[in-house]
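J.: With the hints as extra help, turn the sequences into a complete structure.
What follows is each chain in one-letter form.
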Amino acid sequence: MPIHDLGYRHWAGEWTSHPYRWWVITRQGIRMLVQKKRFLVLMILSAIPFVVRSVMIYITTLVGDSARRISLLTINAKFFEDFLSQQMFFTFLIAIYAGAGLVANDLKANALQIYLSKPITRRDYMLGKLGVLVFFLALPTLVPGLLLFLLAVLFQSDLTFLRENYWVLASILGYSLVIVLTYALIVLALSSMTQSSRFAGISFAAVFFFSQILYGILSQILRTTQVAWVSIGNNLSQVGDLLFRHAPQYRSPAWVSVVILAALVAGSAWIVHRRVQAVEVVS
Amino acid sequence: MSAGHNLADGWRNVRTIAFLTLDTLFWSKKTIFVMLISLFILGLSILGRLIMSYHWIRAPFTSAQVFAALMSTAVIHFLVLFVTLFYGTALVSEEVEGKTLTYLFVRPIPKPTVMLGKYLALIWICCLLVLPTILLSYLILYIRRDMSQFLEDFRVLGIDFGIVFLAILAYGALFGLIGAWLKHSVLAGLVYAFGWEGIVSYLPGFTRKLTITHYIQSIFPHEDSASAIAMLIGQRTDALESVVTLVLLTLFLLATASLILREKEYILEQ
Amino acid sequence: MTSVLEGKGLSKWYGQVIAVNNISFNISAGVTGLLGPNGAGKSTLMKLFTGQLRPSQGEIRLFGEKIWNNYPLFHRVGFCPEQDAFYERMTGEQFLSALLSMHGFAESEVAARTEAVLEKFNLVDARNKKIAAYSKGMRQRIKMAQAMAHDPDVLVLDEPLAGMDPVVRRDTIRQVRAWGREGKCVIVSSHILHEIEAMTSTILLMHNGQVLAEGDVHQIRDLIDRHPHNIFIRCSDPRRLAEKLVGYPDVLSVRFHPDGGALTVESRKPDEFYDRLPDLMLQHDLNLEEITSPDDNLQAVFHYLVK
Chain L
1 MPIHDLGYRH WAGEWTSHPY RWWVITRQGI RMLVQKKRFL VLMILSAIPF VVRSVMIYIT
61 TLVGDSARRI SLLTINAKFF EDFLSQQMFF TFLIAIYAGA GLVANDLKAN ALQIYLSKPI
121 TRRDYMLGKL GVLVFFLALP TLVPGLLLFL LAVLFQSDLT FLRENYWVLA SILGYSLVIV
181 LTYALIVLAL SSMTQSSRFA GISFAAVFFF SQILYGILSQ ILRTTQVAWV SIGNNLSQVG
241 DLLFRHAPQY RSPAWVSVVI LAALVAGSAW IVHRRVQAVE VVS
Chain V
284 MSAGHNLADG WRNVRTIAFL TLDTLFWSKK TIFVMLISLF ILGLSILGRL IMSYHWIRAP
344 FTSAQVFAAL MSTAVIHFLV LFVTLFYGTA LVSEEVEGKT LTYLFVRPIP KPTVMLGKYL
404 ALIWICCLLV LPTILLSYLI LYIRRDMSQF LEDFRVLGID FGIVFLAILA YGALFGLIGA
464 WLKHSVLAGL VYAFGWEGIV SYLPGFTRKL TITHYIQSIF PHEDSASAIA MLIGQRTDAL
524 ESVVTLVLLT LFLLATASLI LREKEYILEQ
Chain B
554 MTSVLEGKGL SKWYGQVIAV NNISFNISAG VTGLLGPNGA GKSTLMKLFT GQLRPSQGEI
614 RLFGEKIWNN YPLFHRVGFC PEQDAFYERM TGEQFLSALL SMHGFAESEV AARTEAVLEK
674 FNLVDARNKK IAAYSKGMRQ RIKMAQAMAH DPDVLVLDEP LAGMDPVVRR DTIRQVRAWG
734 REGKCVIVSS HILHEIEAMT STILLMHNGQ VLAEGDVHQI RDLIDRHPHN IFIRCSDPRR
794 LAEKLVGYPD VLSVRFHPDG GALTVESRKP DEFYDRLPDL MLQHDLNLEE ITSPDDNLQA
854 VFHYLVK
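Chains as they are written, first to last, in the numbering used here: chain L, 1 to 283; chain V, 284 to 553; chain B, 554 to 860.
These aren't lab readings, by the way, just hints derived from the structure by calculation. Glycine included, each C-beta is placed from N, C-alpha and C at the ideal position. Check before you lean on any hint, since a few could be wrong.
As the list claims (entries may be wrong) - Reference excerpt, derived from the structure (chain B facing chain V, CB under 7 Å, subset only): (1) T603; (2) Q605; (3) W621; (4) Y624; (5) H628; (6) A638; (7) Y640; (8) R642; (9) G657; (10) F658; (11) A751.
T.: Right, dumping it as structure tokens:
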């Protein structure tokens, strides 16, 4: 719900200093979403893979060296990369549910005028909305990823795992941030382009699915995976392989994927910046 | 009043609502978005044609193979799905969100007429946006000096048009129903289109018959298609049975959507 | 008088929230004002009148017939909704024609009625403009136009004066009264007493989903007047003002504000008091800084009625 639905009340607390004003918007956005039961169910479901993988780590620790023979029970960099890649299914759904209406509903209710008439800037507004998405997209990715790593370390009897895999922490952080920012900014950009959250949600799904289909057809026609950069999902996989030091799945260079994702993120941020205005002049 | 007069009035009301809906749905950002996707598909056709014409890769493929790949993946499993999802879920939901449903409900017309009119508009829009894309792709891939293959495959194009039309009818009715029934119709539609159909259509036995895509694939005419399509088309249902099922399913979904529209109370937020 | 709209033990709830709570009423031809604060249940009741909602309990009948899913009844009903919602891309003329054609009129009659109603609501110049470009007042007028273009017997108007400028407001009030004199049943809702008062003397007063008072507006107003009004005034010389006010018989008491710059007057006839106050201020060269009436509201009336 935009600000105008909350009504006016005198503020009896402390005034927030300017650098943190975006947090007010983020906090309110988080509060409103956690009140929705269906959204909470989705968040709970997104935790299931974390539970399954925690059990896998536990079993691996119990079984010991024999675990190394079963690839599924090998706790290495790929284990964490696979976890984050699989969580993209949930980040996709969460991005649609939480993100499609974030700006679209404000545009529809003319709430931007109200927001921007308060002592917050456009940047505060954008950061605030982005903060909502980053929070909920980090919950199924970064947070459980780090927790899994912590579990893997804690369940060991010595520091061998940590010594050999300390760099995986940075990979988890980096890959999660790439996933979160890509999904968050794209859905925010689409949400800012329309007053209909439905249109934003479908467009978001269309962008992801169509890029994958485009890759499928191109790779069939050109008989190569060098065109993998066409698909957003493939680009994310390539970056994941790069960060987790794996051989890339596709023949497309990883730096191309990095550039494409960076362009997508920057382009989306620019769109949001252009669209977030107090007044829209219609000729 | 005679039955003929009632029918004439009923058809007039359906037409009025269809034009009203067409105007609202067509002139929107959705249409620009769909046209962009269509342009991409045409771009792929052009690319395929250029590759064939200038032999850019060693392993050549035929126009039929490229067209089949485009039809199966880009058109039927993406464009048709998205167009019907986009517009189908919006039929009733946008009236509710826009609070204009009141104007239609406080009129002396049965609510199922409203649903029928909107559905008609949906079919028009979807056909208008999808069928030219298929025709243009076909022309791009097939036109050459020797037109014999063009004419031979024209029959297949006709069948493709028919399949896409049936797909639009069935998916349109389904997403129209979802839009009339559920508040979060987009998510539900996406879960069906890319969750249910994506998974269940690969399951063995009778289960695959619980998807619309199974019947579409059963009447898909392209025999010399890419391996992906061959993999998708497992056990086919008889073509006539598929067509009849799709038509009956469409009627059933449309009737259910009309019933929901009739009985459901739509609370327009103040 | 024959009852046009009848409700018996009517209730409507949404989940745990009771919007309309066991009300019974009989509305005849003429203008009836549906009055109440925000959240009283007026809009819900109007939606029950127009078949957009189904009663949770009890029944509601229009011309003796149930309303829900009874679409032939809507030949005789016109509804002007509260929400500012339109098919924005349509011109005013297209909007009216499209809705009129759903009433079964021939094309020539649709055109004639569209023309007539555009003229009646002073929208002829704007007929070919898209509704998206209309001003707030024009939007309200086109909404009213679509409600009465088919000449219904029953008009349900939800906050019809919202957003109208004073001239258009006056014209609309006159129009509503004319419809009432023509024998139509017009139900007008508002949360502003004097607007309703200008249109009709028969009202239904609602609060918390219940009908608290029903009948002639003057009778209800008298109830308000029997409960004295408190009026807070801040001015340049409160004591001089008080000196002048105590001479009037409707002023029951005057209390001075601790800061010495304001006073609270208790008056039995607030309308007379407000009429007299500007002249008093001018005659005695007093500057009025603030005037409020803490209890000149329906809430106070309802509190009084419920006690």
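J.: Evaluate each hint against the coordinates.
T.: Checked hints:
Given hint, T603 (chain B) at the interface with chain V, holds; its Cβ is 5 Å from that chain's nearest Cβ, closer than 7 Å. At a threshold of 7 Å, the smallest CB-CB gap from Q605 (chain B) to chain V is about 6 Å, leaving the interface hint in force. For W621 (chain B), the interface hint is violated, since its Cβ never comes within 7 Å of a Cβ in chain V; the closest pair sits about 9 Å apart. Taking 7 Å as the C-beta cut-off, the interface hint given for Y624 (chain B) holds, the closest approach to chain V being about 5 Å.
Given the 7 Å rule on beta carbons, the hint for H628 (chain B) holds: about 5 Å separates it from the nearest Cβ of chain V. Restraint check, A638 (chain B) versus chain V: the minimum CB separation of about 4 Å is within 7 Å; hint holds. A cut of 7 Å between beta carbons decides the hint on Y640 (chain B): the least distance to chain V is about 6 Å, and the hint holds. Because the smallest distance between the Cβ of R642 (chain B) and any Cβ of chain V comes to about 6 Å, under 7 Å, the interface hint for this residue holds.
With its C-beta approaching chain V no nearer than about 5 Å, G657 (chain B) sits inside the 7 Å limit, and its interface hint holds. Interface restraint check for F658 (chain B): the shortest CB-CB distance to chain V comes to about 10 Å, outside 7 Å, so the restraint is violated. Nearest Cβ of chain V to the Cβ of A751 (chain B): about 25 Å, over the 7 Å cut. The hint is violated.
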